[in-house]
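A.B. asks: Okay, here's what each chain looks like letter by letter:
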Amino acid sequence: MRSIEWKCGLLAALLTTSGAAAFGCGGEATSSPPPASPAASASAVPVASASAEPAASASAPPAASQVAAPQTAPAETTTKEDEEASAEVVEHHRHHHHAGVGQFVAMSLETLGITPEQHAAIEKIQATLRTKLQPARAADRKLIGLLADGVAAGKIDKAKVDAAIGQLDATSATVHAAAVEALDQLHASLTDAQRMALVDKVKAHWQIWQQANESGASAAEPHEHGRLEELSRDVSLSPDQVDKIRTNLRAAAAKAPDHFEPEKVTARLDTFGSAFESATFDAKTLKAPEVNPHLASWGAKRMAGFYEIVTPVLTPEQRTKLADHLREHANHEEAPAGDSKEGKP
Amino acid sequence: MNAVNHRLSIPAAGAILSLGLLVGASADVAAQPVPPPPEVVVPPPPEVIATVEPVYYEGHPAYWYGGHWYWRDPHGWHWYGVEPAYLRDHRAHAPPPRYHYEHRR
Chain A
5 MRSIEWKCGL
15 LAALLTTSGA
25 AAFGCGGEAT
35 SSPPPASPAA
45 SASAVPVASA
55 SAEPAASASA
65 PPAASQVAAP
75 QTAPAETTTK
85 EDEEASAEVV
95 EHHRHHHHAG
105 VGQFVAMSLE
115 TLGITPEQHA
125 AIEKIQATLR
135 TKLQPARAAD
145 RKLIGLLADG
155 VAAGKIDKAK
165 VDAAIGQLDA
175 TSATVHAAAV
185 EALDQLHASL
195 TDAQRMALVD
205 KVKAHWQIWQ
215 QANESGASAA
225 EPHEHGRLEE
235 LSRDVSLSPD
245 QVDKIRTNLR
255 AAAAKAPDHF
265 EPEKVTARLD
275 TFGSAFESAT
285 FDAKTLKAPE
295 VNPHLASWGA
305 KRMAGFYEIV
315 TPVLTPEQRT
325 KLADHLREHA
335 NHEEAPAGDS
345 KEGKP
Chain B
21 MNAVNHRLSI
31 PAAGAILSLG
41 LLVGASADVA
51 AQPVPPPPEV
61 VVPPPPEVIA
71 TVEPVYYEGH
81 PAYWYGGHWY
91 WRDPHGWHWY
101 GVEPAYLRDH
111 RAHAPPPRYH
121 YEHRR
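As they're listed, the protein sequences go chains A and B. Numbers given in the numbering used here equal positions in the first sequence, counted from 1, plus 4. Numbers given in the numbering used here equal positions in the second sequence, counted from 1, plus 20.
Keep in mind the hints are simulated off the structure, nothing from the lab. Computed from a predicted structure; not experimentally measured. Every residue, glycine too, gets a C-beta built ideally from N, C-alpha and C. Be careful, since some hints might not be right.
Coverage of chain B stretches by chain A, computed from C-beta distances (three or more under 8 Å per stretch; other residues unrestricted) [to be verified]:
#1 70-76
#2 80-92
#3 109-121
Residues on chain B that point at chain A, a partial pick, calculated with CB under 10 Å [stated by the list, open to error]:
#4 63
#5 64
#6 66
#7 67
Kindly produce the complete structure, drawing on both the sequences and the hints.
C.D. replies: Structural data, given as structure tokens:
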């Protein structure tokens with residue numbers, strides 16, 4: 005009988021694998037998972053998208069062995085406006101480090117796309133968030149102002165800058181507790197799709213932030229939109245100046261150990277994302293509030309360190325131009341809620 | 021155990037009768053090419069997601085990028101091979117704006 009049971013099990017397995025199981029061994033065969041056929045995976049795709057073969061085939065979660073499948077994307081077409089908008093958001097993350105993840109949430113609200121019916125509620129929440137982030141924003145503004153003064157004078161006061169970074173660290177540490185209620189209200193005010201979009205945007209800002217504030221030896225190497233390349237364009241650095249600054253950046257990277265832990269931020273954002281996309285959400289349950297000061301102070305140190313290295317190499321005219329540029333960042337006002345046209349040239 | 025054996029007997033008999041057929045069929049199955057793994061769609065760059073207002077369609081935020089609409093669900097990112105009429109009309113009449121975070125440029 006064992007032989008028959010074994011054969012039956014084998015047959016059931018064969019038939020189930022081929023997707024044609026017409027009979028089974030008691031309840032055993034029917035307890036096997038259904039075949040992962042294209043038809044089964046396509047059923048999870050909205051009707052209008054089912055016509056798109058790539059979407060249909062990608063709708064099922066890939067198995068572990070499939071994660072490394074070749075990635076595909078249609079050909080990219082970008083306009084000058086696209087390039088400017090992309091460069092600007094990198095530039096923004098390079099110069100504004102207040103509030104950590106709280107800043108990413110506030111920025112994400114600006115492009116979320118809300119209905120007229122939601123506008124009043126979201127504007128109120130964003131105003132609350134802005135108020136809660138204000139101490140960190142003020143510390144950020146003070147730091148950039150100090151850097152601008154130092155650049156203009158030809159020497160950055162490191163003690164004052166370090167104190168300002170300490171203040172930024174302290175104020176950013178209070179952001180999560182202060183914003184708990186606003187985050188809960190935000191979750192309650194948004195649709196499922198908007199919550200999904202907010203999470204995507206917060207994670208996108210985190211990716212951009214990492215690109216804008218690249219650390220270690222690679223940060224000193226040439227990049228198309230690197231910090232040094234942007235400065236070179238802004239103040240017209242000579243090739244000799246670029247070489248000298250790059251050499252000093254490499255030396256500083258070799259001397260100073262890198263204590264940044266991006267995996268902590270990523271983990272925090274994954275937790276936030278899963279919780280915020282759920283039907284119920286309680287911001288109080290989100291742990292790791294130390295991520296905000298970690299992010300804020302590390303980014304601020306990177307920014308300050310860069311200008312400390314750059315300043316002695318610049319001409320007086322270049323320093324004046326750079327100082328003006330930094331003061332523009334210090335005075336940069338954030339847009340009202342949901343107004344995606346604000347800030348356009 | 022007897023009850024189990026009894027329940028097994030009918031399908032087991034059917035299985036034995038079908039064994040010869042299945043042996044041949046299994047050879048054919050083994051000869052089938054392995055289907056390609058599911059496509060992993062690369063989402064639009066973060067600069068696009070961060071600066072473009074999505075269009076909400078079928079319960080998903082959708083982003084126009086590189087000539088296609090991209091959207092995400094809990095399983096991952098997808099794109100429409102054929103542009104849905106609603107999104108095509110939306111793009112024609114109200115193209116999604118890019119948000120500019122800096123004033124000076």
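A.B. asks: Under 10 Å, Cβ to Cβ, is where residue 63 of chain B needs to be relative to chain A, so tell me if that hint holds or is violated.
C.D. replies: 8 Å, holds
A.B. asks: Please check whether residue 67 of chain B passes as an interface residue: C-beta within 10 Å of a C-beta belonging to chain A.
C.D. replies: 4 Å, holds
A.B. asks: Let's test the interface hint: is any C-beta of chain A closer than 10 Å to that of residue 64 of chain B?
C.D. replies: Status holds, d = 9 Å.
A.B. asks: Just to make sure I understand the rule, a stretch counts as covered if three or more of its residues have a C-beta closer than 8 Å to a C-beta of the chain. Does the stretch 70-76 of chain B meet that for chain A?
C.D. replies: holds (count 7)
A.B. asks: The stretch 109-121 of chain B covered by chain A? Criterion: 3 or more residues, Cβ-Cβ distance below 8 Å.
C.D. replies: Held - the stretch 109-121 of chain B has 5 residues with a Cβ nearer than 8 Å to chain A, which meets the minimum of three.
A.B. asks: Report holds or violated for the interface hint on residue 66 of chain B, using the least CB-CB distance to chain A and a cut-off of 10 Å.
C.D. replies: 4 Å, holds
A.B. asks: The stretch 80-92 of chain B covered by chain A? Criterion: 3 or more residues, Cβ-Cβ distance below 8 Å.
C.D. replies: The restraint on the stretch 80-92 of chain B holds, since 8 of its residues have a Cβ under 8 Å from chain A and three suffice.
Consistency with the previously given hints is maintained throughout, with no hint failing.
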